[in-house]
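Residue numbers (my numbering), protein chains in the order written: chain A, 1 to 260; chain B, 1 to 536.
Incorrect hints may have been included.
Listing some non-contacts, in silico: residues in chain A with all C-beta distances to chain B over 12 Å [what the hints assert, rightly or not]:
(1) I86
(2) V173
(3) P181
BS3-like, lysine-lysine: derived pairs with alpha carbons at most 27 Å apart [stated by the list, open to error]:
(4) B:K491 x B:K459
(5) B:K357 x B:K347
(6) B:K341 x B:K450
(7) B:K491 x A:K222
(8) B:K494 x A:K191
(9) B:K318 x B:K202
(10) A:K222 x B:K494
(11) B:K205 x B:K178
(12) B:K230 x B:K202
(13) A:K222 x B:K459
(14) B:K202 x B:K178
(15) B:K178 x B:K154
(16) A:K191 x A:K128
(17) A:K214 x A:K191
(18) B:K154 x A:K191
Okay, the calculated beta carbon distance ranges per label pair [said to hold, decoys possible]:
(19) A:V189 x B:T451: 37 to 43 Å
(20) A:I62 x B:R362: 49 to 55 Å
(21) B:D436 x A:D174: 24 to 30 Å
(22) A:V189 x B:P111: 52 to 58 Å
(23) B:D436 x A:A129: 32 to 38 Å
(24) A:F206 x B:T109: 54 to 60 Å
(25) B:K151 x A:G229: 44 to 50 Å
These are computed hints drawn from the structure, not numbers from a lab. Note that CB positions come from ideal geometry on N, CA and C, so glycine has one too.
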Amino acid sequence: MRATNLTRRLAIALVAMGLGLFAPRTAAAQHETAADLLDGERAYRNTCANCHGPDGDVIAGIDLGRGRFRRPMTDEDLVRIIRTGIPNTPMPASPMTVEQAQKIVAYLRNRASGARGSLAAGDPVRGKAVFERPGATACTSCHRVGASGSRLGPDLTDVGTRRSAAELERALVDPGADVAPPNRTYRVVLKDGTTVTGRLLGHDTFSVQLIDSKEQLRSFAKGDLREQGFVPSPMPSYRGTLSPQEIADMVSYLSSLRGR
Amino acid sequence: MRSALRLLFVLALIAPLQAQVSFDRILRGDREPHNWLSYSGTLMNQRYSPLTQITADNARNLQQQWVWQTRSLEKFEATPLVVDGVMYTVEAPNTAVALDAATGRVFCTYPYTPAPEGRPCCGRVNRGLAILGDTLYMGTIDAHLIAIDAKNGKPLWNTVVANAAQRYSITSSPTVVKDKVIIGTGGGDGPIRGHISAFDAKTGKEAWRFYTIPGPGEPGHETWAGDSWKVGGVGVWNAGAYDPETNLVFFGTGNPAPDWDGSTRRGDNLYSDSVVALDADTGTLKWHYQFTPHDELDYDATQVPVLADIEWQGRPRKVMLWANRNGIMYVLDRVTGEFLKGKPYVKTNWLDGFDAKGRPNRVKFPTPEGTLVFPHVHGGTNWAPPSYSPRTGLFYVATWENSGIVSVTGQFPRVMSSNAQQTAMGQTTLVPFYNDATEPYGVVRAYDPKTLDQVWEFKMSDITWGGTLVTAGDVVFSGGREGYLLALDAKTGKLLWRSSVGGQVNAAAMSYAVNGRQFVAIAAGNALFAYALPAN
């Protein structure tokens, strides 16, 4: 199965809560009103988005929209950082009042918690069995969990921390709808006609890097290619192949994958 | 008598090694092409090297000569200076360094530690030094201007230009004009009131100040609603240009603040997103042209003004060329500020034309369902400097094709791409790149200033924060996020050569010569690279 990327703002905090990525909410952000959240969003857009991006995920290691920081942060930590910045980093101080900064924190916390999605009513044990079921469309022929499975597709070891239940379900029934950039499939045809298809690991004006179906890391000079380009995701839709209950079970299993 | 003549001859040979950098030398930098005496080579900002050793025919033989690695993890945006074999640059944020331009070996450094509150929006970076006499000048990220002895790296004076705690900063190279050092304040995405100031080169004493937002009673003040002028931003992020015939110094100005929400600052918000022409002696405003009135898309004029003398509609004209962040390329009369022509140079849809005075007619506004805007806030180009060749008569710009969705006033426009990472304000290391053909990309393009028509382009897969350099050997050097230094034929855009520099190119190249050998230098990642043809 190929994990998909809905709009990032609808990402999970579901499992992150369990991992302690969210610190306990404190009084600073507990009493926000809808107006406060709108104020917070507006302030975020005006002040923070230039560097952090509209979804808060532009800076490596930080995903404000999902409540991910480089270390656990209390609301007070965040308010302080918004106001004073972080020395020796590009994060500047801000002249905001505590109340204004609290509204931004409330907005971010609310956004992350609101993006948790709904758990499918499935059974993770049954889902694991479906996931590991052998066959032509076996999930493990492309995906890896822990030390098992192929590296061709996205590694799902911690997919439960990265995707909501709704996103996972969509990935199963409509896998080509929204493929995350790092999961795109690329095909190259060499001048002798040899065709290689794999997951794109990167490309530039002059070269392409793939992992192919044999899990080989391949690099090609574009000048050596007759054809090249993105191709649709090879992941099949499991709508009709799996029953609704099996899909719910799969979603439940995948949601439980939170890394080692 | 013969021995006296011989002595004179010897003195003439060694004089360049000892001569101070007078303003006349800076002004006529084209007379000593082995040197690079100001940010873009000369005060016309053409970033054109008259050196001819490297040509379109032999550029394929370029070889790396040396690499100097910094200790900084910040973006390396500086263009070095070269004075008679000595290179001067800045390791971010504010360590000035003197190097042997032939070997990359360090002579001396001046490590300045800026105050921690100096943290502008887009990195603790520095774009280079200025020099006058034996003194280097460096703007700092905490908004100081520091004079440094070029021979030993000792600080001579340190003047506070603005209060960093109020979000002011300096990232640009200073601009030396006569006996003054002129510099603008960055930080205009925050609630500052930007300014351009001149300082006595010997003492650091302020000589004049021009506020980029007019105060009460000054013309243009009425273009700011209420007290919005006090915190309207309008920083200055890049070096200026100077025209000795009119004694005007020109600077581009930044966006008004808050960036994407104009509701609190109704009006045109002069002199945001403008070029201002100031009397170099007094700072008096002589003319201005505003590229983007009442900007709500962060289209700041953070580019360097490029001065050129071209034939315009059958007669010689002193013009200013400007590829703006707003996607429009301009030709202005630099004596009067008259708008001569404006034309999109990347896909642009926020305006549908100009009135007779060159005021754009904006047609795209935020809507609940979202409005697609070309270009995105990062612009058709950004701060990285372009170049102009008097030989080819072409203007070379490293551009982006990109777009965004504006759905809510005050909201950062949503990137029209699933790969939002690409719009970060530049990074140092190479990162995997997954874009497909529908997503933003970078292109080096050549334009004819007489028509603003595109003459050629070299398309890259990834975007670019690098500028361009053009040489009299008809080679254009550029690069981008992919981490290549590219050599392109200045007449055709054909790729002549490339070198993988292992990090993102966030600066424009420059060229110089030592002992008759031409070098091209480029900052990339966290290192500075120098290339030349084989010594034999």
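Against the structure, the hints:
1. I86: violated, 8 Å
2. V173: holds, 19 Å
3. P181: Given a closest Cβ separation of 4 Å, the condition is violated.
4. B:K491 x B:K459: Between B:K491 and B:K459 the Cα gap is close to 16 Å, so the pair holds against 27 Å.
5. B:K357 x B:K347: holds, 23 Å
6. B:K341 x B:K450: holds, 9 Å
7. B:K491 x A:K222: holds, 24 Å
8. B:K494 x A:K191: holds, 23 Å
9. B:K318 x B:K202: This hinted pair is violated, its Cα atoms lying about 32 Å apart.
10. A:K222 x B:K494: At roughly 16 Å apart (the allowed maximum being 27 Å), B:K494 and A:K222 satisfy the hint.
11. B:K205 x B:K178: Distance ~15 Å between B:K205 and B:K178 Cα, so the pair holds.
12. B:K230 x B:K202: With a Cα-Cα distance of about 32 Å, the restraint between B:K230 and B:K202 is violated, given a limit of 27 Å.
13. A:K222 x B:K459: holds, 14 Å
14. B:K202 x B:K178: Answer holds: B:K202 to B:K178 is near 11 Å, not above 27 Å.
15. B:K178 x B:K154: holds, 23 Å
16. A:K191 x A:K128: With a Cα-Cα distance of about 43 Å, the restraint between A:K191 and A:K128 is violated, given a limit of 27 Å.
17. A:K214 x A:K191: Holds, because 21 Å separates the two Cα atoms, which is no more than 27 Å.
18. B:K154 x A:K191: violated, 60 Å
19. A:V189 x B:T451: 37 to 43 Å: holds, 40 Å
20. A:I62 x B:R362: 49 to 55 Å: For B:R362 against A:I62, whose Cβ atoms are near 34 Å apart, the range 49 to 55 Å is violated.
21. B:D436 x A:D174: 24 to 30 Å: 19 Å Cβ-Cβ, so the 24 to 30 Å window is violated.
22. A:V189 x B:P111: 52 to 58 Å: holds, 53 Å
23. B:D436 x A:A129: 32 to 38 Å: holds, 36 Å
24. A:F206 x B:T109: 54 to 60 Å: violated, 36 Å
25. B:K151 x A:G229: 44 to 50 Å: With Cβ atoms ~57 Å apart, the hint is violated.
The structure does not agree with the numbered hints 1, 3, 9, 12, 16, 18, 20, 21, 24 and 25 stated previously, though it agrees with the rest.
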